[in-house]
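Enquirer: Got two chains here, separate frames each, mind docking them using the hints?
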Amino acid sequence: MTNAAVSDVPMVHADRVSKSFGSNEVLKSISLTVTQGEVMCLVGPSGSGKSTFLRCINHLERVDAGRLSVDGVLVGYEERGDKLYELKPREAARQRRDIGMVFQRFNLFPHMTALENIIEAPIRVNKLKKDAAIAHGRELLARVGLADKADAYPAHLSGGQQQRVAIARALAMEPKLMLFDEPTSALDPELVGEVLDVMKGLAESGMTMIVVTHEMGFAKEVADQLVFMDGGVVVESGDPDEVLGNPQHQRTRAFLSKVL
Amino acid sequence: MSDSGRSATPASVSPDGADQAEAIRAIRLRHPWRNVVAVILVAMLALFIVDASQREAYGWENFGKFVFDRRISQAAGYTLLLTVYSMIIAIILGVTLAVMRLSDNPVVKGIAWLYLWVFRGTPVYVQLVFWGLFATIYSTIDLGIPFTEPWLSIDTNDLISVFWLAVVGLALNESAYMAEIVRAGILSVDKGQDEAATALGMSWLQTMTRVVIPQAMRIIIPPTGNEVISMLKTTSLVTAIPFSLELYGRSRDISVVIFDPIPLLLVASAWYLLFTSILMVGQYFLEKRFSRGVGQARPEKPGTETGAVTLKTGVVPTPGAASDAGTATDPAAGTGTTTDPTGKEHQ
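Sequence order for the protein chains is U and C. If you read the first sequence in my numbering, its first letter stands for residue 1, the second for the next number, and so on. If you read the second sequence in my numbering, its first letter stands for residue 1, the second for the next number, and so on.
By construction, these hints were calculated from the structure, which means they are not laboratory data. Cβ coordinates follow ideal geometry from the N, Cα and C atoms, glycine included. There's no promise every hint is true.
Said to hold, decoys possible - Dumping the calculated EDC-like pairs for lysine to aspartate or glutamate here, alpha-carbon to alpha-carbon at most 20 Å: (1) K88(U) - D194(C); (2) K88(U) - E195(C); (3) K191(C) - E61(U).
As the list claims (entries may be wrong) - Partial selection, computed: residues in chain U whose CB lies under 8 Å from chain C: (4) F21; (5) F109; (6) V125.
Same shape as in the complex, but just chain C (with noise of 0.2 Å):
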């Protein structure tokens, strides 16, 4: 840079480099505090570990004799069952109620938010103390046509067990949070989409199935994701209809009867863990997976993986990813927590 000022490469007018500037070798900047900080979170840390490893309550024994056992890795899959069931039915209720709060007609439109306000506006645990108690309530089913004598009479009983009643409960709650994560995707999409659709001489289904709603996943999928791993630790709560073989139920008739909770609670927590962290991972690929050909992925932290990020660079803003940021306005869905995984809790 030295014969010239107007060069526009420096580099190379000199391809030996000798032209180059010296490589700037400052004294780092030292942060005193943030070491300290960092060391005492540490040995608190250690602290804590090697404080709980000889603890005599923990009981590590029986965790170490409980953990794989038979009851409880079976009752590991009855909370998954519980989760996967219930997030399904929730899935479709909740796309149904996000589709009919959208609807033109005031009474469609108002009874789905007739149930969003119920579901959303009680606590699940008494919502599941209901169900448990819906045989007692609706001894029987009747068949036939109102105020006279029913075709048909089932035991409420005989017709659904415990375990579907905690199906029922959990993703009964689950479609109300749901509805509004499905409404705030399909609000995300830029109107235009619809109507270059419907200028194509596309039906309604058709413009939904194969324009809005594939666009709407990009937005829907991660809190979704949120809400299964929410769910994965909401199932603890059926105890209440009551249902036991689950994984926190199992674990505690477990504890009663050898007389040591907290063994058993590590257990359990262990087992939670280890889904949650396999949801967690599972929703990275997802999220990765529907952001494709929008040449936008979600903002990423720093120093987290950065693959998706190149794909920025010399990308022309396209309708559909412009209205994105609009979304997270939406207080009621949750939206703007994307990026954490470990959600809300809504119990």
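Pulled out of the complex, with its shape left as it was, chain U reads as follows (with noise of 0.2 Å):
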């Protein structure tokens, strides 16, 4: 599917996008754009809307105003001559199936096992073949260092191996798009490292990624593009040595000054 789809039509595409909770306006008119294969960090601090716009991506949230698509299709909507409509939810979770998510807290199912938390979704939802599943499952754990974790449940992992668990099942369901809600934040500082190289080695595989995060490093090295988000706008981006070696807004090297 990726194959084919290496054309100019970018992977995300936000469009003055926008949203608020009440009266709480989290985003304000947020355009960016994310080709195919590209890494984009999102860095800002705690309630600057990153995560929000994370979410409004495979429509966790739904977006109030502007316009939000993934490989040129609509997020949430259908576009039908000139009207919006919803989309049922059974075709909102055939747009969530091409987009992989990890979530801070791992949200790992505690009931079944890092291979059943893996196998879930592909059988139940791509109705695949169980043992196809669990062969793809055990590669897949093999891939993020953890072939001998199969049959843990994640109670017993650490967080750190939670996390590549977690990553792992995004993958099984063979993602075009994966989309990262601060993966490292709940980890202990020694197990930043095993999550941040599995990611890395998903980048330098093409994987399309929006990564939310407070890892410069990771950033910098990784990152494609970076973005920094501030009281629900877009206050600066493009590459990550210029934003993060010369920003050029105030806010921007206030925040920088912190983390950095």
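Expert: Below is the structure:
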């Protein structure tokens, strides 16, 4: 699917996207583009709307204004004539299949083993045969360095191991886009590296990724595009070396001086 | 430890153990009053038992005669049937009501709330009397378009027996309580679980049946066990319908014939105790089964079975486990009493 689609259609295209929770405007006219195979890092203080933007991309949150599309397809709505129609749950679920998401708190299913976590959606959603799903699942576990943990329950894995299983679980659906919502923020410092390594490998394999993170080192090394958000707007974006090395905005400078 | 205060492992320094400090042999602290109270309690209990075994009114002869009476064991069967049937219906209805209460549709939500309000707000005995009068209130059940001549009209007494009226009466009351238990269970599951499943493209039904409900079971099972035990005892109220083939009704009928009520009360009590004891054992194993994978068994009283406790060490708290504490705050569901097998009475 991905091979055929290598074209000038951006993987994610946000055009003046806004989102409010009640009277609290969380996203104010965000415009961003992520091309195929690109890694974008979203940084900024908490409450700046990074996570909300990420959640809008796979329609866990509804966009209030503007247009957000993934691989050329509008997210959460269908445009017919000049009217927008809300998608049925089934259609929204179909869109989400192609988008993998990794959460800050891992959100592994605690009543399933690592392998069961990984094969659940391929079997239930993609109707994959069980042995095919298991074979693929073991492959993915090996890829994240946890081949020997297939039968372990999440509670018996360290935070870093849990997050790597979560990444494998998202990859099992063979997504064309991966979203990472602060994947290392809930980890002990010594466990951050193993998760970042897996993500680096993923980026090198050509996966399109959007990563909300506070790991500036990772952003600098892996990201093709760095976006600094604050107060629901994109303050600054561009090449990570540029943004980190020579921030143009006062707010960016103030933020970076605290985290670097 | 005498040679070096810095030694990290003094035991390894002297393998013969000569360096180890002497075990403490202190005079144990006495608790004289504790012993006095214990002796008094045991004495009172012994006195009661000896007295009861000789007391005429208990009629132990009749107790022995009727405790294995065929009529009584049949009645015990009816009690079990009433319990099982009404619990099955109550659980199905309870899950439905719980999902309705969690619905986004205000009408669906409101109707579920109204149901709970009525069935939890009136005594089950009164409800059962109402069910007994069902055929009086609705003498026929009509099928057809309202306010026109019905296509089909069935006599209510032909349609539903007294036994099934009892089952329905008990089940509808119980389903209101089950709904709150199930709702508390569903709410106890971390929201991230729902999100993770949704993000994987799973449908609402798949998310509920594969992810949410299995985790909610850990919260739902213990109070449901309490409800089964409670239901077993509540069946004695179906005499209000009146249905009297179950344990209590049958015992009373026999006692009226032999003019000796007390031994038959004891007979019924013995059977109830037998059943509740079996259920309590079953509940223990069910709870163990559903805490699988969580790595954190529910807190056990010190001194009891400790097999599950060893799992607690070195466990990373999962979102699901972390939210456990939150469920006890729902006062309606009574989930706070999960380890108390006596449960609540709602009669």
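Enquirer: Next, verify each hint and record whether it holds.
Expert: Hint-by-hint comparison with the structure:
no.: 1; hint: K88(U) - D194(C); result: holds, 18 Å
no.: 2; hint: K88(U) - E195(C); result: holds, 17 Å
no.: 3; hint: K191(C) - E61(U); result: holds, 14 Å
no.: 4; hint: F21; result: violated, 15 Å
no.: 5; hint: F109; result: holds, 6 Å
no.: 6; hint: V125; result: holds, 5 Å
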